[in-house]
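Chains A and B supply the protein sequences, listed in that same order.
Residues 1 to 110 (this note's numbering) are what the first sequence spells out, left to right.
Residues 1 to 165 (this note's numbering) are what the second sequence spells out, left to right.
Some hints could be false.
Pairwise CB distance ranges (calculated) [said to hold, decoys possible]: (1) Ala107(A) - Glu100(B): 50 to 56 Å; (2) Ala50(B) - Asp10(A): 40 to 46 Å; (3) Gly30(B) - Gly9(A): 53 to 59 Å; (4) Glu104(A) - Asp90(B): 45 to 51 Å; (5) Ser50(A) - Gly30(B): 27 to 33 Å; (6) Val95(A) - Thr165(B): 26 to 32 Å; (7) Pro124(B) - Ala38(A): 31 to 37 Å; (8) Asp10(A) - Gly30(B): 53 to 59 Å; (9) Leu33(A) - Thr119(B): 28 to 34 Å; (10) Thr62(B) - Asp10(A): 40 to 46 Å.
Now the stretches of chain B that chain A is said to cover, found in silico as 3 or more residues with beta-carbon under 8 Å [said to hold, decoys possible]: (11) 34-45; (12) 69-81.
Just so you know, the hints here were simulated from the structure itself, not pulled from any lab data.
Beta carbons are placed, not taken as given, at the ideal position from N, Cα and C, and that holds for glycine.
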Amino acid sequence: MAYEVRSEGDTTIVALSGDIDLESSPQVRSVLLESVGAKRGVLVEMSAVSYIDSSGVASLVEAYQSARRGRTLFALVAVSEAAMRVLELARLDQVFAIHTSVTEALADGG
Amino acid sequence: MGTKSGKSNRGNVDGAGSPHRRWDDFPFSGTPIAQMRIASRPEFLRLVRAMVTEAGDANGCTGECVSQMVMAVDEACQNIIRHAYGGDPDGEIVVDIRREDDCISIHLLDFAAPVDVSTIKPRPLDDVKPGGLGTHFIQQCVDECSFLTPPDGTGNCLRLVKRIT
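Excised from the complex, chain B in its bound form (with noise of 0.2 Å):
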């Protein structure tokens, strides 16, 4: 899935058990438009999907643009909540969106174990089956898909960058 950063994002986790983690201090380029933090549950993607809307229709995307960056957030916090928490409904998801000139990036943050980034690519689609889509759907819909490599031990993050059209 895209090319692999070697850009350090190094945050504060304080403390233990209970680790208050802040994400503001990582350096992201870009002007801020929107940061969401939800708990990784399914019933919180409708509101991850209307803030990529609400940051798409604010930065002058085509109704085709902000569909397609919709999906890609969507199936990407998907990924986190069904394989990164693996189902857990208490770990932690920040949706991060910034406008990089002529594009927009999302920035998606979680603190669970670090994923294989190897192990991550779509099924042929020749191979109808349920499942195994979201990696596919994720690439189609954005310019740019990158890991950026985490501080050790606190979890993933990825980036996504749509062009505005």
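Same shape as in the complex, but just chain A (with noise of 0.2 Å):
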């Protein structure tokens, strides 16, 4: 797993890559709830994500509610076809908004 934070405006984008399993959800948690803590909009660029298992999608709803209690933006940006499989099969996708690219979830206020 590998990840990249960049900023666009007053949004962090958290680029996630590889798998993500039990060995590396905690550094994918740690890097979610940091950005979230810092009180700026947060979008995870999913495209390159080739596993996710129940560790991973757990920091993805931390990190999902922490926002939401701090009234700050929180998607889920291009999500591989083998991380919404996992999505679906939780029923998330329909929990998380998910946006197509960086541009449309910035154009959509997320």
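Now that you have both chains on their own, put them together as the hints suggest.
Structure below.
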């Protein structure tokens, strides 16, 4: 797993790639919660996520709930087919805001 | 989670303190495909996923079928690491993959204290919160999921069966 953090205006974009599993999900959790904690909008770019397990999904849910409490933007962007299948299995595709691109997400305000 | 089988799968445990376990004696049915023993550490799960992927590919599974098997086995191993061994990195997990007619069976063995199977339930999906999805994923990804009765004091054995599609 690898990640890259960048900013666009007042939004933080966290691009995740590779396998998000029990080994790497603590790091994902940490970077997402840190980004959300900065009180900026957060977009999680997931086009290069090849695998995500329940621990990775839990990290996304925890960050999402933290953002909701802080009333800040939190959305997923360009979710890979592999990751989307898992989100659908957990019916979280109906919970998260999901956009096809960062541009679209920013235009829609998340 | 699935049905509980009364099948006995007693193995040999030799000595005290550091028992030598001979899982080869277990009466699993089917043609052996692959077997792996790993320490109960998250960093080894990628090896398990790779082995399951290879086994699925070599036995004519579709990509979706392979993905589902990989997820079920990965989640089951996670449960062993997190719950059965409670995070102890020195436990041992055996993953045994076999061909049974038009199915692939995977047995996951551990040497932790026996788990209370009645407590293993998926949480309602409407209750959105971190965690608790592993059991749901396993149930959704395989055709059969059952605990075999382990030999006294030698842990747990989870049997997963996936029909080849």
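Structure-based check of all given hints:
At about 52 Å, the beta-carbon gap between Ala107(A) and Glu100(B) stays in the expected band of 50 to 56 Å. Evaluation of the 40 to 46 Å hint for Ala50(B) and Asp10(A) yields a pass: the beta carbon distance comes to about 41 Å. For the pair Gly30(B) and Gly9(A), the supplied restraint of 53 to 59 Å holds, since their beta-carbon distance comes to about 57 Å. Distance hint check for Glu104(A) and Asp90(B): the Cβ-Cβ separation is about 48 Å, which falls inside the suggested range of 45 to 51 Å.
Look at Ser50(A) against Gly30(B): about 30 Å separates their beta carbons, and that is inside 27 to 33 Å. Val95(A) and Thr165(B) have their C-beta atoms about 29 Å apart, which keeps the hinted 26 to 32 Å range intact. For Pro124(B) paired with Ala38(A), a C-beta distance near 32 Å keeps the hint of 31 to 37 Å intact. For the pair Asp10(A) and Gly30(B), the beta carbons lie near 58 Å from each other, so the given range of 53 to 59 Å is met.
Separation of Leu33(A) from Thr119(B) is about 29 Å and conforms to the stated range, judged on CB atoms against 28 to 34 Å. For Thr62(B) and Asp10(A), the hinted distance range of 40 to 46 Å is satisfied, since their beta carbons lie about 44 Å from each other. For the stretch 34-45 of chain B, the stated coverage by chain A holds: 3 residues have a C-beta nearer than 8 Å to a C-beta of that chain, and at least 3 were required. With 6 residues bearing a CB less than 8 Å from a CB of chain A, the stretch 69-81 of chain B meets the requirement of three and the coverage assertion stands.
Consistency with the previously given hints is maintained throughout, with no hint failing.
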